[in-house]
Amino acid sequence: MSDSELGRKWDRCLADAVVKIGTGFGLGLVFSLTFFKRRMWPLAFGSGMGLGMAYSNCQHDFQAPYLLHGKYVKEPEQ
Amino acid sequence: MVPRVWSLMRFLLKGSVAGVAVYLVYDQELLGPSEKTQAVLQKAEEVVPPAVYGFSQYVCDQTGLKVPQLPAPPKFNFHLRDSWNSGIMTVMSALSVAPSKACEYSKEGWQYLKERIK
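Listed in order, the protein sequences are those of chains Z and B. My numbering puts the last residue of the first sequence at 78; the count rises by one with no breaks. My numbering puts the last residue of the second sequence at 196; the count rises by one with no breaks.
If you are wondering where the hints come from, they were derived from the structure by calculation, not from laboratory data. Check before you lean on any hint, since a few could be wrong.
Pair by pair, the computed Cβ-Cβ distance ranges are [as the list claims (entries may be wrong)]:
| no. | chain 1 | residue 1 | chain 2 | residue 2 | range |
| --- | --- | --- | --- | --- | --- |
| 1 | B | 181 | Z | 6 | 26 to 32 Å |
| 2 | B | 188 | Z | 6 | 28 to 34 Å |
| 3 | Z | 41 | B | 173 | 42 to 48 Å |
| 4 | B | 101 | Z | 2 | 38 to 44 Å |
| 5 | Z | 63 | B | 177 | 40 to 46 Å |
| 6 | Z | 56 | B | 175 | 40 to 46 Å |
| 7 | Z | 40 | B | 185 | 50 to 56 Å |
| 8 | Z | 44 | B | 97 | 20 to 26 Å |
| 9 | Z | 39 | B | 161 | 48 to 54 Å |
| 10 | Z | 40 | B | 182 | 49 to 55 Å |
| 11 | Z | 4 | B | 175 | 26 to 32 Å |
| 12 | Z | 44 | B | 107 | 31 to 37 Å |
| 13 | Z | 56 | B | 121 | 22 to 28 Å |
EDC-like mimics (lysine to aspartate or glutamate), calculated; alpha carbons at most 16 Å apart, straight line [said to hold, decoys possible]:
| no. | chain 1 | residue 1 | chain 2 | residue 2 |
| --- | --- | --- | --- | --- |
| 14 | B | 121 | B | 139 |
| 15 | Z | 9 | Z | 75 |
| 16 | B | 114 | Z | 11 |
| 17 | B | 114 | Z | 61 |
| 18 | Z | 9 | B | 113 |
| 19 | B | 196 | B | 182 |
| 20 | Z | 9 | B | 160 |
A quick note: this is a predicted structure, and the numbers were derived from the prediction, not measured. By construction, the Cβ of each residue, glycine as well, lies at the ideal position given by its N, Cα and C atoms.
The shape of chain B in the complex, shown without the other chains (with noise of 0.2 Å):
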């Protein structure tokens, strides 16, 4: 009798969080249009950094140790576009100035050797 009724708590128990999390997921319409995912990202971003800020805050006062200055947050939102270009352009210049830099490289290199046999 006591098996079985433990059994069955632990299935409602797995349940009921398996439930929120579909629910939260729905709440959030975290699965929805992509404009609605996007205003989900903006407000984590506003939302996160403060809270965990907060809550350190919080853990410090309590237990009295001082928590080094973290450093800012990474940015969630970031601009692909932006990125991508200026990923470009420094590939594209690093191509630009590939054979001079290798000529340049090598030679130095020479001269290491030379002066190292002399």
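Just chain Z, same shape as in the assembly (with noise of 0.2 Å):
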């Protein structure tokens, strides 16, 4: 992976982060404001999902062009 792509990915990452945490948030105050009588953790509970979310994202990026993918062949039957 070349320095260019690597930052790339990082700047990927981050905005990804920022994000996924922001909608988590968005949707948690939502949630907590109309169902859960402004309790604190719904924010904490989407919060935390879209830091999840994104730290899977990013592990999959990272990983991305190290994992090998293979396939089953069937052999034909003679």
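Using the hints, put the two standalone chains together into the complex.
Next up, the structure:
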């Protein structure tokens, strides 16, 4: 992986993390205000979900060049 | 009867607000792959500042107020690699000049104290 590609991946990870944490926080805020009587746990839950999704995406993004994809090939019956 | 209808209406209203929020997130793919969220961020960077400017102009036209020129909107898409590199270089250059600067400042402080004591 070249340096510029690595830098692009880090930039993408950061942008992704910001958007996902913000989205999770926003959804948690909406649910906290509508159904859960302004409790704090939906916000924490939503932010945590967003952070976890961003981490998973980043991990997949960085590991993608090194993962080997195989498939089963059925041998014809002789 | 009326309180039950009112509570049902409140529940439907809250449900619709939550449903709209969930649908917006699903439609814009905000919780999807990182390429899509990067595209959404770029789209927001293009769309939000002109929208804010247009809204402020509309408010000015309607109310007759004069809003002062706002500063340039912040950039959403900054490059972590460039910021990190420049941050590292700044920290290292500060550490390299720290001993000479400390010596210089202590000399100036000592001179100042001597003049004050005289």
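Tested hints:
The hint said 26 to 32 Å for the Cβ distance between residue 181 of chain B and residue 6 of chain Z, and at roughly 40 Å that hint is violated. At roughly 49 Å, the beta carbons of residue 188 of chain B and residue 6 of chain Z sit outside the given window of 28 to 34 Å. For residue 41 of chain Z and residue 173 of chain B, the Cβ-Cβ distance of about 43 Å falls inside the hinted range of 42 to 48 Å, so the restraint holds. Under the hint 38 to 44 Å, the C-beta atoms of residue 101 of chain B and residue 2 of chain Z, about 40 Å apart, fit the expected range.
Between residue 63 of chain Z and residue 177 of chain B the C-beta distance comes to about 43 Å, which sits within the given range of 40 to 46 Å. Take residue 56 of chain Z and residue 175 of chain B: their Cβ atoms lie about 43 Å apart, and the range 40 to 46 Å holds. Remark: the range hint 50 to 56 Å for residue 40 of chain Z to residue 185 of chain B is upheld by a beta-carbon distance near 54 Å. Residue 44 of chain Z and residue 97 of chain B have their C-beta atoms about 22 Å apart, which keeps the hinted 20 to 26 Å range intact.
Take residue 39 of chain Z and residue 161 of chain B: their Cβ atoms lie about 36 Å apart, and the range 48 to 54 Å is violated. Taken as a hint, the range 49 to 55 Å holds for the pair residue 40 of chain Z and residue 182 of chain B, whose Cβ atoms sit roughly 50 Å apart. In this structure the supplied range 26 to 32 Å holds for residue 4 of chain Z paired with residue 175 of chain B, their Cβ-Cβ distance being about 31 Å. Evaluation of the 31 to 37 Å hint for residue 44 of chain Z and residue 107 of chain B yields a failure: the beta carbon distance comes to about 24 Å.
For the pair residue 56 of chain Z and residue 121 of chain B, the supplied restraint of 22 to 28 Å holds, since their beta-carbon distance comes to about 23 Å. At roughly 27 Å between alpha-carbon atoms, residue 121 of chain B and residue 139 of chain B are farther apart than 16 Å, so this suggested pair is violated. The straight-line distance between the Cα atoms of residue 9 of chain Z and residue 75 of chain Z is roughly 40 Å, outside the 16 Å bound, and the hint therefore fails. Simply put, residue 114 of chain B and residue 11 of chain Z have alpha-carbon atoms about 14 Å apart, close enough for the 16 Å limit, and the pair holds.
The suggested pairing of residue 114 of chain B with residue 61 of chain Z holds, with an alpha-carbon distance near 13 Å, which does not exceed 16 Å. With a CA separation close to 10 Å, the supplied pair residue 9 of chain Z and residue 113 of chain B stays within the 16 Å bound. For the hint pairing residue 196 of chain B with residue 182 of chain B, the CA-to-CA distance comes to about 21 Å; that exceeds 16 Å, so the pair is violated. Restraint check for residue 9 of chain Z and residue 160 of chain B: the C-alpha separation of about 13 Å stays at or below 16 Å, so the hint holds.
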